[in-house]
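Take a look at the letters that make up each chain.
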Amino acid sequence: MRRKSILFLSMALVVAMLFTACSTTTSKEGKKILRSNNSSEPGTLDPALAQGTHESWVLENVFEGLMTFDEKGELVKGMAEDYKISDDGLTYTFTIRDGAKWSNGDPVTAEDFEFTWKRALDPEMAANYATILYYIKGGEAYNTGKGSRDDVQVKALDERTLEVTLEFPTAYFLELTAFYTYFPVNKKVVESNPDWAKKPDTHISNGPFKLVKWDHNAKLVLEKNDLYYNAKKIKLDGIDLDIIEDQNTAWQKYDGGEYDLLTDLPTSVVNQLQTEGNKELSIGAQVGTYYYNINPDVKPLNNAKVRKSLSMALDRETIVKDITQGGQMAAEGVVPYGLMDEKGKEFREGAGNLIEYNPEKAKGLLEEGLKEEGMTIQDFNNANIVLLYNTSESHKKIAQAAQEMWRTNLGVEIGLENVEFQVKLDREQSGDYDISRAGWIGDFMDPMTMIELWWSDSAFNDAKYNNPKYDKLLLEAKTTMDQKVRMGNFREAEKMLMEDMPVIPVYFYTQPYVQKSNVEGIVKVPIRYPVITYADIK
Amino acid sequence: MGKYILKRLAMTIVTIWAIITITFVLMHSVPGNPFANENKNIPEVVYQNLMKKYGLDKPLSEQYGIYLKNIARGNFGESMKSNVETVNEMIARGFPVSASLGAQALLIALIFGPALGAIAALHQNKVPDYISMIISIIGVSVPSFVMGSFLIQFVARNVGWIPIGGWGEWRHTILPSIALALMPLAEMSRLMRSSMLEVMGQDYIKTAKSKGLSNTIVILKHAVRNAILPIVSMLGTTVSNLLVGSFVIEKIFGIPGLGMFFTNSIYNRDYTLIMGVTVFYAVILIIMLLIVDIAYMLIDPKIRLTEEGH
Amino acid sequence: MKADTIYTQEMFEKAPRELRNTENIRRPSIKYWPDVWRRLKQDKLAMVGLILLIIMGIMSIAGIHISGFKYYEQDYDKINMKPNGEYWFGTDELGRDLFSRAWLGTRYSLIIGLLAALIDLSIGVIYGGIAGMSSTRVDAIMMRITEVIYSIPYMLVVVLLSVVFSTAGAGTSMFVLVFAMTITDWVPMANLVRGQVLQLKESEYSMASESLGASNGWILKKHIVPNTMGPILVTVTLTIPRAIFAEATLGFLGLGLQPPKPSLGTLANDGLAGMAVGNFYQILIPSILISLIMFSFNVLGDGLRDAMDPRLRK
Numbered sequence: 001m002r003r004k005s006i007l008f009l010s011m012a013l014v015v016a017m018l019f020t021a022c023s024t025t026t027s028k029e030g031k032k033i034l035r036s037n038n039s040s041e042p043g044t045l046d047p048a049l050a051q052g053t054h055e056s057w058v059l060e061n062v063f064e065g066l067m068t069f070d071e072k073g074e075l076v077k078g079m080a081e082d083y084k085i086s087d088d089g090l091t092y093t094f095t096i097r098d099g100a101k102w103s104n105g106d107p108v109t110a111e112d113f114e115f116t117w118k119r120a121l122d123p124e125m126a127a128n129y130a131t132i133l134y135y136i137k138g139g140e141a142y143n144t145g146k147g148s149r150d151d152v153q154v155k156a157l158d159e160r161t162l163e164v165t166l167e168f169p170t171a172y173f174l175e176l177t178a179f180y181t182y183f184p185v186n187k188k189v190v191e192s193n194p195d196w197a198k199k200p201d202t203h204i205s206n207g208p209f210k211l212v213k214w215d216h217n218a219k220l221v222l223e224k225n226d227l228y229y230n231a232k233k234i235k236l237d238g239i240d241l242d243i244i245e246d247q248n249t250a251w252q253k254y255d256g257g258e259y260d261l262l263t264d265l266p267t268s269v270v271n272q273l274q275t276e277g278n279k280e281l282s283i284g285a286q287v288g289t290y291y292y293n294i295n296p297d298v299k300p301l302n303n304a305k306v307r308k309s310l311s312m313a314l315d316r317e318t319i320v321k322d323i324t325q326g327g328q329m330a331a332e333g334v335v336p337y338g339l340m341d342e343k344g345k346e347f348r349e350g351a352g353n354l355i356e357y358n359p360e361k362a363k364g365l366l367e368e369g370l371k372e373e374g375m376t377i378q379d380f381n382n383a384n385i386v387l388l389y390n391t392s393e394s395h396k397k398i399a400q401a402a403q404e405m406w407r408t409n410l411g412v413e414i415g416l417e418n419v420e421f422q423v424k425l426d427r428e429q430s431g432d433y434d435i436s437r438a439g440w441i442g443d444f445m446d447p448m449t450m451i452e453l454w455w456s457d458s459a460f461n462d463a464k465y466n467n468p469k470y471d472k473l474l475l476e477a478k479t480t481m482d483q484k485v486r487m488g489n490f491r492e493a494e495k496m497l498m499e500d501m502p503v504i505p506v507y508f509y510t511q512p513y514v515q516k517s518n519v520e521g522i523v524k525v526p527i528r529y530p531v532i533t534y535a536d537i538k
Numbered sequence: 001m002g003k004y005i006l007k008r009l010a011m012t013i014v015t016i017w018a019i020i021t022i023t024f025v026l027m028h029s030v031p032g033n034p035f036a037n038e039n040k041n042i043p044e045v046v047y048q049n050l051m052k053k054y055g056l057d058k059p060l061s062e063q064y065g066i067y068l069k070n071i072a073r074g075n076f077g078e079s080m081k082s083n084v085e086t087v088n089e090m091i092a093r094g095f096p097v098s099a100s101l102g103a104q105a106l107l108i109a110l111i112f113g114p115a116l117g118a119i120a121a122l123h124q125n126k127v128p129d130y131i132s133m134i135i136s137i138i139g140v141s142v143p144s145f146v147m148g149s150f151l152i153q154f155v156a157r158n159v160g161w162i163p164i165g166g167w168g169e170w171r172h173t174i175l176p177s178i179a180l181a182l183m184p185l186a187e188m189s190r191l192m193r194s195s196m197l198e199v200m201g202q203d204y205i206k207t208a209k210s211k212g213l214s215n216t217i218v219i220l221k222h223a224v225r226n227a228i229l230p231i232v233s234m235l236g237t238t239v240s241n242l243l244v245g246s247f248v249i250e251k252i253f254g255i256p257g258l259g260m261f262f263t264n265s266i267y268n269r270d271y272t273l274i275m276g277v278t279v280f281y282a283v284i285l286i287i288m289l290l291i292v293d294i295a296y297m298l299i300d301p302k303i304r305l306t307e308e309g310h
Numbered sequence: 001m002k003a004d005t006i007y008t009q010e011m012f013e014k015a016p017r018e019l020r021n022t023e024n025i026r027r028p029s030i031k032y033w034p035d036v037w038r039r040l041k042q043d044k045l046a047m048v049g050l051i052l053l054i055i056m057g058i059m060s061i062a063g064i065h066i067s068g069f070k071y072y073e074q075d076y077d078k079i080n081m082k083p084n085g086e087y088w089f090g091t092d093e094l095g096r097d098l099f100s101r102a103w104l105g106t107r108y109s110l111i112i113g114l115l116a117a118l119i120d121l122s123i124g125v126i127y128g129g130i131a132g133m134s135s136t137r138v139d140a141i142m143m144r145i146t147e148v149i150y151s152i153p154y155m156l157v158v159v160l161l162s163v164v165f166s167t168a169g170a171g172t173s174m175f176v177l178v179f180a181m182t183i184t185d186w187v188p189m190a191n192l193v194r195g196q197v198l199q200l201k202e203s204e205y206s207m208a209s210e211s212l213g214a215s216n217g218w219i220l221k222k223h224i225v226p227n228t229m230g231p232i233l234v235t236v237t238l239t240i241p242r243a244i245f246a247e248a249t250l251g252f253l254g255l256g257l258q259p260p261k262p263s264l265g266t267l268a269n270d271g272l273a274g275m276a277v278g279n280f281y282q283i284l285i286p287s288i289l290i291s292l293i294m295f296s297f298n299v300l301g302d303g304l305r306d307a308m309d310p311r312l313r314k
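Which chain is which? The protein sequence lines are A, B and C, in order.
Going by the numbering used here, the first residue of the first sequence is number 1, and it counts up by one from there.
Going by the numbering used here, the first residue of the second sequence is number 1, and it counts up by one from there.
Going by the numbering used here, the first residue of the third sequence is number 1, and it counts up by one from there.
A couple of the hints might just be wrong.
[As the list claims (entries may be wrong)] Think about it this way: if two alpha-carbon atoms lie no more than 25 angstroms apart in a straight line, the pair counts; the simulated DSS-like pairs of lysine-lysine are: (1) LYS198(A) to LYS52(B); (2) LYS70(C) to LYS363(A); (3) LYS146(A) to LYS53(B).
Everything labelled a hint here was simulated from the structure, so no lab data went into it.
None of these values were measured; they are calculated from a predicted model.
With the hints as extra help, turn the sequences into a complete structure.
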């Protein structure tokens, strides 16, 4: 009896195999589908609740903000047909594009935007990224429970006119409207169905593509949205995104021809592709800095000389050349390349290299600093200083290299500890660390996106940097439209920061990605993942 | 026997309660906040709202009570990380994936493992015995993550119609089920070999042979039937091992099963999901063990005769 | 074989000399352990396992001093070098000598395995011994407790606990790993010991001693402990590889030892990245070492079981 059932099962298995074997790879003939991997399952596809690249890469293709990035990677009008900025730089009046439609045929209205932004600021909504809407007057007060919804200064004057008043004149506000938290949602749909974003058939969007299938943790399928006003510019018929977390497996799939494009590559692969000069590899620009936080409450790290000596003992050129190997650049400060100053030139070049590698000097500085604290190198080693990093292959590699550089250049022993990301954040916030790895990718193209991290009140200021002079420079930069003053202040602030060294910048991020030779039209906007919206497959 | 099953059921409930309690205590003693995120500084009000939404603002004892009550109703609550699905929905989606993968692996192991062992035993110290020994040594001694990666590198990359990873069609299940099956297959074959050798030396086999039954009949009707008993009793552990393997295999092959949820939920500190998956796993396993025990009782003639022999 | 067997002269063979006086119940007093050892020596596979273990044990102590490279020394000019005359096992992504790292990894993996087995053994023997020697009621309660503990899935606990402890500030140290692995894993040992104790308690020779006025402790020491050693040893040889395997899996899931200290699991995990670009030796070496350890302990365990099985005793 048992043997019979086994026989039956194996027969069923064979039949199933035959059946599936002939039903594959047929339906998509003649359609241009871009296949890639979205490295983790989106926690949501509601723009208000999104919080990371695993969500935004999808959202940026299915939604569109007032402004958007075009096929050349330039900021252009999206849902806005036109905009006016008042002379004081505080009031923006947007005219919504005529003929802009939702994927269900509804027109996109100014009211949708008002509703969306207030919804994301609603404390009940508990939206993670609501802070990026604080530029709107009254936004912070409402979100923190100190103000009311009606005081948020965004108003639909009529069906197609939207008026926004800002807290400060913000030079980069237009760019912010291309950020995903600013993407509109359809008021009617959202109000009638709170679960609208959970299923593809109720997921109504206004972008070049629409969501048609979402197999959780396995696959996302996007299809061209024919109602999109600029549909003729979109050459793809659809985008298939797998959801595979393992970098090596994803790379094998790309290498084996199952993907057309892949971001998030294993470092060893990037290294090899670079050495062999592989044309499929692009090193995309990215605005971001990789750095180590230093806890100023831990002795002897409270001493600026000790912190500077740790920084000076790091051979960043070797780290980017031999360890990270993804075309990264050795950090020269906290503001990375790609951000412009008042003359339209690289801010970084104007500010100069503020970081030095000098083992000799580092050793001297360390001894001086330790003396000031009444300690010896032995005491330093007895303090069991530990570098905390979140579990990841590349962080581990860099941490091990840094550990070894500190050991050989300074003679100090620093331990390593890896924890999960959530734990690291928690321990940083509660000050339970000595040195911790951190990274910051800019949200907008202005040095402010980096400099404001060390504002004494900033929630991201894990190194607890507190310098009234620094705060004053920042505040001044925030409230003026005068670029010369702003950039001057940024340069001064950054110099101040590198003197006190509350954080040790290591390198400036890049984003390596690969694409098959028949894929065209991928653009890299520094603050975004490679933009696949305008891609074409030949 | 009814009394025995009842007793076992009562024990099962106690065990499940213990697991719920242990997991609950563990999860709430761990540092790491599910609402922390690098790119946000949530205002106090929002934080309070989040805590309220998930009932984390209540005293621990009350949270425990609520949690027990909800589980009794079969409700594992809302995931703290996903705004898309509840824990129940995730389990309902992930479990069939893991289960089908596990079932396929078990099937492979059950078809080939005992057969390999039996053949080895019948040809003791001859070529088939050595082949089976090599297979079982590889199966027992190569970690599943190495095996999985090797299968991707050497099989999937070279055989066009076998995909490298991912989920959706039957083709996707081939390599992961093989990688998963290898360990239990090897264990079963080893066990079968030794129990077969033992059985073949028993008096009743000699008797059967001396009665003049053909070799095939003796082997199939008497030897295999008796030798397979230890494998049945091993099934409970095997299922548990398949589950262990699935953590790794699902990660390597990008399979959206329960194992992946479990590891991811731990990384994300998604308390409700961790507790949900743990309790669910435990319940499934304990029920499996119960079934195996009862099945064993029904199959094994010795136990049947003595009723309360357990 | 034919249906009707005719018994002929040549089907019988002469009984060997020593079997002729089977009425004499006292066997020539072969000591238990030398006897086991004698039969183990005849099991070629088990001996291969034993010799391999001894070699690996020695290498795990001496191996890191042979190549002259420290396991943590990085040489950025010598990254990802294939095995060669200078670096016998090649180098890793940071230019470290894999020979030293592999043997140090073997050391940590073996220590983890042995430590886990030792803890299982102590808890198991104490708990099982107490349960077996206690009254029926205490025994029943103690066994219910083990049932509850053991039905918690092993890997689930290990992963959960290593996360809990490593985040509670203890770091993923070796002791955390071992603790997580042993917290449920001592149960089979306890069950085994209890079973043995019960069986022996009922056995005629301990009853005989008891009726002759021997104390419980004396029975435990003189009869029960020596007689349970066999099955216990077999279980131990199977616990060690399980712990090593679990550590390797944890290493793969990112919960292994802290770098720069390697274990075979973390080395294999690091090697996976190398595999994608064709550096197979980086994963092959730790995998082979893990496999050899697993193989050795498994065949040794099997061999011991056979050597100790009274039914197979000649």
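Checking each numbered hint in turn, tell me which of them this model violates, lowest number first. Violated hints: none; all satisfied.
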